[in-house]
Amino acid sequence: TQLLEQSPQFLSIQEGENLTVYCNSSSVFSSLQWYRQEPGEGPVLLVTVVTGGEVKKLKRLTFQFGDARKDSSLHITAAQPGDTGLYLCAGAPGNQFYFGTGTSLTVIP
Amino acid sequence: DAGVIQSPRHEVTEMGQEVTLRCKPISGHDYLFWYRQTMMRGLELLIYFNNNVPIDDSGMPEDRFSAKMPNASFSTLKIQPSEPRDSAVYFCASILMGMGYSGYTFGSGTRLTVV
Numbered sequence: 118t119q120l121l122e123q124s125p126q127f128l129s130i131q132e133g134e135n136l137t138v139y140c141n142s143s144s145v146f147s148s149l150q151w152y153r154q155e156p157g158e159g160p161v162l163l164v165t166v167v168t169g170g171e172v173k174k175l176k177r178l179t180f181q182f183g184d185a186r187k188d189s190s191l192h193i194t195a196a197q198p199g200d201t202g203l204y205l206c207a208g209a210p211g212n213q214f215y216f217g218t219g220t221s222l223t224v225i226p
Numbered sequence: 004d005a006g007v008i009q010s011p012r013h014e015v016t017e018m019g020q021e022v023t024l025r026c027k028p029i030s031g032h033d034y035l036f037w038y039r040q041t042m043m044r045g046l047e048l049l050i051y052f053n054n055n056v057p058i059d060d061s062g063m064p065e066d067r068f069s070a071k072m073p074n075a076s077f078s079t080l081k082i083q084p085s086e087p088r089d090s091a092v093y094f095c096a097s098i099l100m101g102m103g104y105s106g107y108t109f110g111s112g113t114r115l116t117v118v
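For the record, the sequence lines run as chains D and H. With this note's numbering, letter number 2 in the first sequence gets 119, and the count goes up by one each step, no holes. With this note's numbering, letter number 49 in the second sequence gets 52, and the count goes up by one each step, no holes.
It is possible that some hints are incorrect.
[Unchecked claim] Partial chain D-side listing against chain H, Cβ under 10 Å, derived:
#	residue
1	Tyr152
2	Gln154
3	Gly157
4	Val161
5	Val164
6	Thr165
7	Gly169
8	Pro198
9	Asp200
10	Thr201
11	Leu205
12	Ala207
13	Phe214
14	Tyr215
15	Thr218
16	Gly219
FYI, nobody ran anything at the bench for these hints, they're computed from the structure. The beta carbon of each residue, even a glycine, is placed where N, CA and C say it ideally should be.
Produce the complete structure using the sequences and hints provided.
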């Protein structure tokens, strides 16, 4: 059983489109992180959210932490081919982070 | 800092052979994690260390897997004997937990193929 479920699992869109990726759990997290992983490399941290309802923006990426701190979303505006990769959420109910199932995003030029 | 360094990047071995994966964490980081990634199961935590001491090895799949951290700058993950189902990408990651929300720094991984 996965602690964190991500949806969709796969996403293929045209350059310029918007998209949202979801990360859901029945557990409450003290903090939640989003990572992007490119082929042949390890995941790289994008952002950490710690407060329920928090919204963070990183250029075209908008991250939101649910009010109850059980879920999060990642919204990308005007996707570019460089956004292609595996997006992972990771939540910390305690001292270690549990990773979600991942969303594989392909942005077609 | 050069980041988390893993070696080798690729390993192909025959079933039954011993495999040793190596990791050098970021200097000063107090936690080190070993993960395994496959398409079917995603990122699975195998074991993690705090200040070189193993804290939780409940993710280690079998007795064939063992991990050590003899000092703050080096860790190994050993599989003996290896089996085809061990084929995966193995990642090492480190973090300075006291920094709160700095996140894990991952190495580039070792792609293991057991034939």
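So, going through the hints one by one against the coordinates:
1. Tyr152: 8 Å, holds
2. Gln154: With a minimum Cβ separation of about 8 Å from chain H (threshold 10 Å), the hint on glutamine 154 of chain D holds.
3. Gly157: Glycine 157 of chain D check passes; min Cβ-Cβ to chain H is 7 Å, inside 10 Å.
4. Val161: 7 Å, holds
5. Val164: Status holds, d = 9 Å.
6. Thr165: 4 Å, holds
7. Gly169: Because about 15 Å separates glycine 169 of chain D from the closest Cβ in chain H, which is outside the 10 Å limit, the hint is violated.
8. Pro198: 22 Å, violated
9. Asp200: It is violated, given that the least Cβ distance between aspartate 200 of chain D and chain H is near 19 Å, above 10 Å.
10. Thr201: 17 Å, violated
11. Leu205: 7 Å, holds
12. Ala207: The hint holds - alanine 207 of chain D has a Cβ within 10 Å of chain H, the shortest such distance being about 8 Å.
13. Phe214: 7 Å, holds
14. Tyr215: 8 Å, holds
15. Thr218: 5 Å, holds
16. Gly219: 6 Å, holds
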